[in-house]
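K.L.:
Read top to bottom, the protein sequences are chains G and F. Residue numbers are given in the working numbering: position 187 of the first sequence equals residue 187, and the series is strictly consecutive. Residue numbers are given in the working numbering: position 214 of the second sequence equals residue 214, and the series is strictly consecutive.
These aren't lab readings, by the way, just hints derived from the structure by calculation. Treat the numbers as computed from the prediction; the structure is a model and nothing was measured. Heads up, some of the hints might be wrong.
[Claimed, not checked] Below, simulated DSS-like cross-link-like pairs (lysine-lysine); rule was C-alpha separation at most 25 Å, straight line:
1) K271/G - K16/F
2) K175/G - K54/F
3) K2/F - K175/G
4) K16/F - K219/F
5) K219/F - K271/G
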Amino acid sequence: MNVLVLAEHDGQHLNPITLQAITAAQFWQAPVHVLVAGNALDSLLDSLSDISGVAKVIRAEASHLATPLAEDIANLIVSISTDYRVILAAHSSFSRNALPRVAALLDVAMISDALEIKADQTYVRSIYAGNILTHIQSQDTRQVLTVHSSHYIAASTHGGKAQVSSISVPEAFHKTRWISTKKAQSDRPALSSAKVVVSGGRSLGSAENFEQILSPLAAKLNAAMGATRAAVDAGYAPNDLQVGQTGIVVAPELYIAVGISGAVQHTYGMKDSRIVVAINQDPDAPIFQVADYGLVADLFTAIPAITAAIQ
Amino acid sequence: MKILVAVKRVVDYNVKVRINADASDVATDGVKMGINPFDENAIEAALQLKEQGKVSEIIAVSLGTNANQDVLRHALAMGADRAILVETDSKLQPLAVAKLLQVIVAQEQPGLILLGKQAIDDDAGQAGQMLAALLNYPQATFASHLQLENNELLVTREVDGGTETLALNLPAVVTADLRLNDPRFVKLPNLMMARKKQITTLNAAELGIDTASRLTLIKVAEPEARKAGMMVTSVEQLLRQLRDHEGINL
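Build the full structure now, drawing on both the sequences and the hints.
P.N.:
Below you can see the structure in the form of structure tokens.
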């Protein structure tokens, strides 16, 4: 039996988290197939068959998959599911939307955001915003899961020689219509895969400060910007910058937490970072307990000073 | 049109959860419980649609023990019209939740089913999508804006890197994100009035649904805490440490 990985892409490029999911999929030591659903996939598919560890790329092309709905992705996966004992994807808003629907249609439980695959059907995942780790064993013969991609090294994009096979796509689910997608405009790296993240909390005080204080530092470090939920709720930063339990989980080389107190809901989203730097005026802020380097300072003078000192 | 809102009883979000004495599960005895925060957003969204005159009745449903009466009273005090408690002692997993809710949907025939996008205890985020799948209904998860017009629901969803807007034919399933709205506070008089509202109790065992657990909990553990590092006293020292000891090119 094979393992199916649901690819995530924007029509042009594969999202790097899919490469991490492909690595996770090797656990079962069975042929790994990658499902690419979309429209006009020629340029994207050129690069996919070279990915190491992939036996087959499954091309599912249809006009209605250009902006894929969970309903259509689920029906597509179910249509080929008899060939697979494991169906997985990197944990993201795309997979979180579609895979529970797949699991219910197959009448199996789903494992969300697996941190580790311990054994066939046994996984480690966290609950309570990362405060507790659970080891769980699935009783279903078929496995549907998302994996915590930052725990896996990306599969190499060279050296593979997967065959590409096209499949027929089930007809569109007519009861849902895609209207529009608004991508946040940014010339910065994507938050989920950036090597450096500069994150701000409510202490920034305003949207203007958030931009004026953090943006020059992020620009110099070629960093993505992040934010706490408090900063997002206060309107200082857009919601797609939110790092944490209900936002994005990041694991960069360097995470700079600026004016962030360090609530568990936030630290859940950044504690896998290699180096954490925290700058906060409050010496008792819990963020210092998870930081490799802590600086008690007024962020309004410290951050410009750091920015100025960086080449 | 009726709206069904599903509410879960969870450990209060301010509580630092611990493992129980025999390390078999999370300790919940004597711990403060409350309504799942995302489910409050779902109730608020239903109330706002009703205030726009587009909804006739809001029904809150919760699955669990008799103790779940408290979160249903909370939903009623916020403004839900009546409530259903599906009683069970089983620890329900998302697929079982979806199957039980499917039965309630068949009985009540709501035009819209609202749930929180995830529960803050198990962080699974599956029940809404699973329910939509079982019903073959349209779904919109992580909703941050709703607009109901001519039997079509426009939903803006929070997705990685931005937002997406979908139009759903009703009936449909929507899961609420925190930024959908600010749930209203429950005032004491409303809590008193909520006592007069009706809670119908059903026995899950009589609904003909297999709620057996599909995921066996083998063990629980506290994660290894990230260790605190060093405090630096100046920007210069910070940059020196990062450059010289961590090999970061600044």
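K.L.:
Measure nothing beyond the straight line between the CA atoms of K175/G and K54/F; if it is 25 Å or shorter, mark the hint as holding.
P.N.:
holds, 20 Å
K.L.:
Do the alpha carbons of K271/G and K16/F lie within 25 Å of each other, as the hint requires?
P.N.:
holds, 17 Å
K.L.:
Please work out if K2/F and K175/G have their alpha carbons no farther apart than 25 Å.
P.N.:
holds, 19 Å
K.L.:
Hint check: K219/F vs K271/G, CA-CA at most 25 Å. Holds or violated?
P.N.:
holds, 22 Å
K.L.:
Is the Cα-Cα distance between K16/F and K219/F 25 Å or less?
P.N.:
holds, 19 Å
Checked against the numbered hints above, the structure violates none of them.
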